[in-house]
Amino acid sequence: MSITKLPTEIHGFDLIACGGLPEGRVTLVAGSSGSAKTVFGAQFLAAGVMVREEPGVLVTFEETPEDLRRNFRGLGWDIPAWEAQGKWAFVDVSPDPGEQPVFAGGYDLGALMARVQYAVKKVGARRLVLDALGAYFGQFPDQHTVRSELFRMTRALRSLGVTSLITAERGDEYGSVSRHGVEEFVSDNVIILRNVLDEEVRRRTLEILKFRGTDHLKGEWPFTIVPGRGIVAIPLAALELKQKSSDVRISSGNPDIDRMCGGGFFRDSIILVSGATGTGKTLLSTEFIAGGARAGDRSLLFAFEESREQLFRNAAGWGADFATLEAQGLLKVMCTYPESTTLEDTLILIKETVEEFKPDRIAVDSLSALERVAPVKSFREFVIGLTSAIKDKEVPALFTATTDSLLGGSSITEAHISTITDSIILLRYVELFGEIRRGMTVLKMRGSWHEKVIREFTIDGSGLHLGHPFRNVSGILSGVLSHAGAAAASSRIDDLFQDDPPRPPAH
Amino acid sequence: MDRYVLKLYITGLTSRSQRAVATLQRLCDAELSGQYELLVVDVLEQPELAEQDKVLATPTVIKEHPEPQRRIIGDLSDAARVLAALDLLASPTHAPVTEARVKEAD
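These protein sequences, in sequence, are chains Y and B. In terms of my numbering, the first sequence has 81 at position 81, counting the first letter as 1, and numbering is strictly consecutive. In terms of my numbering, the second sequence has 68 at position 68, counting the first letter as 1, and numbering is strictly consecutive.
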């Protein structure tokens, strides 16, 4: 008999689980304290009620139903209403704070089973959660009885026709599956939730250890808990590379740069602008937005380095009026301070804003600001998640990245993103005879001819202006300059530039 | 003496259930001289009562009256603990008699 899957409707989880939980079976969810086991269990039920009209039963061993009703209100779940509609039932097995019972002779857990069966029948439950078994072990002195009764119960659950989740506490993040060895009773399916401290940042991940007889994606997947939505898993590698490729060109907002790129950016491309601080990255993203607005494109700008006021003032200094664009609905600016949140939350915020605003262009200034708030692993996942999400929407996006050194060098951001991006533009300081100039080159332009030279550019009140290519200078990219030929001092500067290279015929 | 109100939860008519019912009735008859009410609840038939009283294990005896309320879990084979839990071993003079009776009952 093949195993069918029951979609949990927990955001992102069903992709990792290749469809959902094995239907009619028992799955163990193990995690350390604070790893969101209870949220996972409750969301399995809540999503069942909200999305699929499938009633559920929550057997609570630890927290009282009153506490749970109150706690989950914050996630937007109106459990009392569902109880009133007969879609949700609690079986309250939380410990009584009053006097401890006296044990006098042998016993079984017939009453617990009868109550669970009664609740399942009462609401016609398709989903069942037992949370959390550790507390249950503590209530009874005879561990042997508890184990054999638990084994009997998990067998009985299968005959009830419900898909069940059992949560259990584990001691270490990377040790035995659960503290009480519960897995031996429900060894068919095991999910592990982790909440690991990595470089002073908490990182939640989810791993399907096994689904007996059926498939799932392997490894740890980041997830986060979003107010109003609950657990949102981020199945990065599960995102398909199904993006169409467009050969429609759009303007970068700067005619000079359009020419360097062979006629502008592609409609669905991701462009990385990399350079040291002050080289003009924010200006490029500003022109990208202003140029879009001239063509009637709506832009979404995520700024992680500057405040709204600074951004608007800078833009005005280059002749772009962001306030008016916002008023016209052609621009939405989201300024957040990267340290105030986690990368997972930031990614979800970006995705949601993109869904909502449906922009024609997206600019992120700068990705590097996010780099410093998270471990490298998280940042890489974030970049992959972000680019996949944006590619999925088939809108052009311009990311900026800051290099560590003023002259030459590359950024960590580049290392993670360069293979994913379609175009890379490098901005560099060029020191020439005691003078700092700026140079720009198009390093990569997927699917198109582009200029291979490094051109000088200047910035003034009307924006960015490209000049001639540098000549007789090498090592600009690495930051280690050398000058070819020792020309006379008077003609030195002239020698630095050459005439424009030939262009391909216009199409 | 206060009238005792006891509730005994069992799961079906297993030998363990029947043993618990018989033991409790015998102890009550002997110690409470008929001054008690005993309600036997089969959780398979009335699971909603088990839910109300938050009963987990069977057999479970709940002493509802007199206060304080108390719970005894098990088939009641440990009679001395049952009597202690029901506050029927309160006076030292009373205790030996109980011991004797329990032995007799076994």
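Everything labelled a hint here was simulated from the structure, so no lab data went into it. Being a predicted model, the structure only gives us computed values, none of them experimental. Do not rely on the hints blindly, as some may be mistaken.
Claimed, not checked - Simulated pairs of lysine-lysine, PhoX-like, Cα-Cα distance not exceeding 20 Å:
hint, chain 1, residue 1, chain 2, residue 2
1, Y, K122, B, K7
2, Y, K121, B, K7
3, B, K7, B, K54
4, Y, K358, Y, K332
5, Y, K332, Y, K5
6, Y, K444, Y, K391
Right, here's what the structure says about each hint:
1. Distance check on the hinted pair: K122 of chain Y and K7 of chain B sit about 24 Å apart at the alpha-carbon level, beyond 20 Å; violated.
2. Note on K121 of chain Y and K7 of chain B: the hinted pairing is violated, with a Cα-Cα distance of about 25 Å set against a maximum of 20 Å.
3. Under the criterion of a C-alpha separation no larger than 20 Å, the hint pairing K7 of chain B with K54 of chain B is consistent with the structure, at around 13 Å.
4. Distance hint between K358 of chain Y and K332 of chain Y is fulfilled; the C-alpha atoms sit about 10 Å from each other, no more than 20 Å.
5. Distance restraint check for K332 of chain Y and K5 of chain Y: the Cα-Cα separation of roughly 41 Å exceeds the 20 Å cut-off, and the hinted pair is therefore not satisfied.
6. Using a Cα cut-off of 20 Å, the hinted pair K444 of chain Y and K391 of chain Y holds, with the two alpha carbons roughly 18 Å apart.
Violation of the numbered hints given earlier is confined to hints 1, 2, 5; the remaining hints are satisfied by the structure.
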